[in-house]
Each structure stands twice: as C-alpha cells, then as structure tokens.
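So the sequences go chain by chain: C and F.
So that you can map any letter, position 48 of the first sequence is 48 in this note's numbering, and since no number is skipped, the others follow by simple counting.
So that you can map any letter, position 20 of the second sequence is 20 in this note's numbering, and since no number is skipped, the others follow by simple counting.
Hints listed in this document are in silico derivations from the structure and should not be mistaken for laboratory results.
If you're wondering where the values come from, they're calculated on a predicted model, not measured in any experiment.
Where is the CB? At the ideal position from N, CA and C, for every residue including glycine.
Hints may contain errors.
Claimed, not checked - When the alpha-carbon atoms are kept at most 20 Å apart in a straight line, the in silico PhoX-like pairs for lysine-lysine are as follows: (1) Lys-25(F) / Lys-89(F); (2) Lys-25(F) / Lys-45(C); (3) Lys-45(C) / Lys-27(C); (4) Lys-42(C) / Lys-25(F); (5) Lys-93(F) / Lys-25(F); (6) Lys-23(C) / Lys-42(C).
As the list claims (entries may be wrong) - A few chain F positions that, by computed beta-carbon distances, are all more than 12 Å from chain C: (7) Gln-52; (8) Gly-55; (9) Arg-90; (10) Leu-96; (11) Gly-97.
Unchecked claim - For the chain C half of the interface with chain F, some residues (derived, Cβ under 10 Å), not all of them: (12) Leu-47; (13) Trp-49; (14) Met-53; (15) Leu-60; (16) His-68.
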Amino acid sequence: MACFAAPAAVAIVTIIVQRVVKKKEEKEGAGSAQQHARILGKWTKRLRWLNTMLWGGVILLAFEHIWHGEVVPWPPFLTAVETPGEVGPMLREILTYGLTMTLVILVAWGILVGIAEFAERRVGAQSPTDAENTEIGGGA
Amino acid sequence: MWLLITAFAAVLVTTLWYMSPPADKYRLGFLSLIYWGATLMWLVDHVMAYAQEGGAFFEIDARATGLGVSVLILGLVVWLIRLIIADPKRITKAILGSRER
Numbered sequence: 001m002a003c004f005a006a007p008a009a010v011a012i013v014t015i016i017v018q019r020v021v022k023k024k025e026e027k028e029g030a031g032s033a034q035q036h037a038r039i040l041g042k043w044t045k046r047l048r049w050l051n052t053m054l055w056g057g058v059i060l061l062a063f064e065h066i067w068h069g070e071v072v073p074w075p076p077f078l079t080a081v082e083t084p085g086e087v088g089p090m091l092r093e094i095l096t097y098g099l100t101m102t103l104v105i106l107v108a109w110g111i112l113v114g115i116a117e118f119a120e121r122r123v124g125a126q127s128p129t130d131a132e133n134t135e136i137g138g139g140a
Numbered sequence: 001m002w003l004l005i006t007a008f009a010a011v012l013v014t015t016l017w018y019m020s021p022p023a024d025k026y027r028l029g030f031l032s033l034i035y036w037g038a039t040l041m042w043l044v045d046h047v048m049a050y051a052q053e054g055g056a057f058f059e060i061d062a063r064a065t066g067l068g069v070s071v072l073i074l075g076l077v078v079w080l081i082r083l084i085i086a087d088p089k090r091i092t093k094a095i096l097g098s099r100e101r
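Isolated chain C (complex conformation) (with noise of 0.2 Å):
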C-alpha cells in the first residue's frame, strides 16, 4: 500500500545527515595534504551508498505502487487513503514491511562499510597509500 514510505523517511533523514558529515569532513580535511586526501569524502561517500540503496528502492518501489493502482498522482496520492477501514492495515504495512524494508538495507549496509574497512585495513597494513584509493560502490 505505501510501504516505501519508510524508507522514504529514512532516506530523507541521511541525506540531511550526509551533508553534515561531508561539511565536517571538508572542515577537518583542511590539514596536510595526505591527512586531507585520508579523510576527505570517506563517511560521505559510505552515506552516498546507503542513500542510494534507500532512494533507489524507494523510486522502484513507488514506480512499482503506481502500476499496481495503489499510488496515483492526485491527493491524496495514496488510494487507501480514500478507501473506508484501509487506513489501519495501510500505516500497519508502513510499520512492518516498510520498517522492515529499511532496517534490511542498513544491515547490507553495514556489511558493505564493514568490507571497505576491512579492505582499507589490510590494503593499508601493505602500502599506506594504496589504502587512501580503496574503495567500493564506486562514484555512487
């Protein structure tokens, strides 16, 4: 019905917190060169990945709500809404699917950042340098 609304939610909240992590690594990047390259970017570009699982999901999501009938696009922009006894089961289904949904994506998250900094460490007990350029997820 609108379980994508969690997730919603929650993507909204750390992209807010993206932000604040990228300003206070910029401002702590402004030592040396090295130690700027070591910081610079390395919590925003983890947050970057978790907000793009999250709104991904909850783009493919909505798209897939919409074919189904379930979101249209006038208001109330959810058909439960307008439909008599629907509202229970609807913010029931946000409750448990759609938290649900988001605490799944902040686990494989978490195994992702635990394997980059796994990856960072051994790299890094290598060649210092080397470890600076490891990353995963790419540019997402």
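Go by the hints and put chain F onto chain C.
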C-alpha cells in the same frame, strides 16, 4: 517476477562494476546500488507477504514481467541522468560548448 528480474540486474551490474576499472568511470556502482536497494526491499515484501498470506512466492505472468522490465528501464533512466550530469567523457560539455560558440 519483478523481484527476480531486478535481482538478476543487480547481480549483472555488480559483476560489470567489478570488471570495470577501479575508477568506475560510468558510475556502475551507482546503478548496482539502486538495483540492490530495490531487490532487498522487494525480497522483504515477498517474504513477509508469503509468511502472512501464503500463496505463490513469485507472480509469474505477462503483467509481472512487464513490471519487471519497466522497473529495469526506470533504473537505467535514473542512472543515465546521473551519468549525463557527471559527464565522465565530457561529451555533454563538448556539445554545449560547441553550440555556445
């Protein structure tokens, strides 16, 4: 069916991303994350619906296939917009620059 199609696209694009140079010039990492995000969300949706309501796990018919293909195209469109904005080969810039002159 759309879950299967999106999951297949996610695996395929991730493989292409892995085989591409580390710089990820064409932002394949971005496309793979879009498809993985949707795949995981639909997987949760399918598992929970199956656990609560039962029935068939996958909807395999022409309509569901149509939705799967449409979802793939939408993901590609989002990626293409991002790619044109990033303009890694500076093609858009060159075209716009030549028109201005």
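Hints versus structure:
1. For a cut-off of 20 Å, the pair hint linking Lys-25(F) to Lys-89(F) stands: about 8 Å separates their Cα positions.
2. At most 20 Å may separate the alpha-carbon atoms for a hinted pair to count; Lys-25(F) and Lys-45(C) meet this at roughly 16 Å.
3. Between Lys-45(C) and Lys-27(C) the CA atoms are separated by roughly 16 Å; this keeps the pair inside 20 Å, and the hint holds.
4. Pair hint Lys-42(C) plus Lys-25(F) holds up; C-alpha atoms about 19 Å apart against a cutoff of 20 Å.
5. This hinted pair checks out: Lys-93(F) and Lys-25(F) have alpha carbons roughly 16 Å apart, not beyond 20 Å.
6. Of the supplied pair hints, the one linking Lys-23(C) and Lys-42(C) holds, its CA atoms being roughly 12 Å apart against a limit of 20 Å.
7. The Cβ of Gln-52(F) sits about 9 Å from the closest Cβ of chain C, inside the 12 Å cut-off, so the non-interface label is violated.
8. Distance to chain C confirms Gly-55(F) as a non-interface residue, since its nearest Cβ pair spans about 16 Å, more than 12 Å.
9. With a least beta-carbon separation of about 15 Å from chain C, Arg-90(F) lies farther than 12 Å from that chain, consistent with its non-interface assignment.
10. No beta-carbon of chain C comes within 12 Å of the beta-carbon of Leu-96(F); the shortest separation is about 21 Å.
11. Even its closest Cβ contact with chain C, about 23 Å, leaves Gly-97(F) beyond 12 Å, as expected for a residue assigned away from the interface.
12. A distance limit of 10 Å between C-beta atoms decides the matter here; for Leu-47(C) the minimum to chain F is near 12 Å, and the interface restraint is violated.
13. Nearest Cβ of chain F to the Cβ of Trp-49(C): about 6 Å, under the 10 Å cut. The hint holds.
14. Interface hint at Met-53(C): satisfied, since its Cβ lies 3 Å from the closest Cβ of chain F, which is below the 10 Å cut-off.
15. Look at Leu-60(C): its Cβ gets to within about 4 Å of chain F, closer than 10 Å, so that hint holds up.
16. The restraint placing His-68(C) at the interface with chain F holds, with a minimum CB-CB distance near 8 Å, inside the 10 Å limit.
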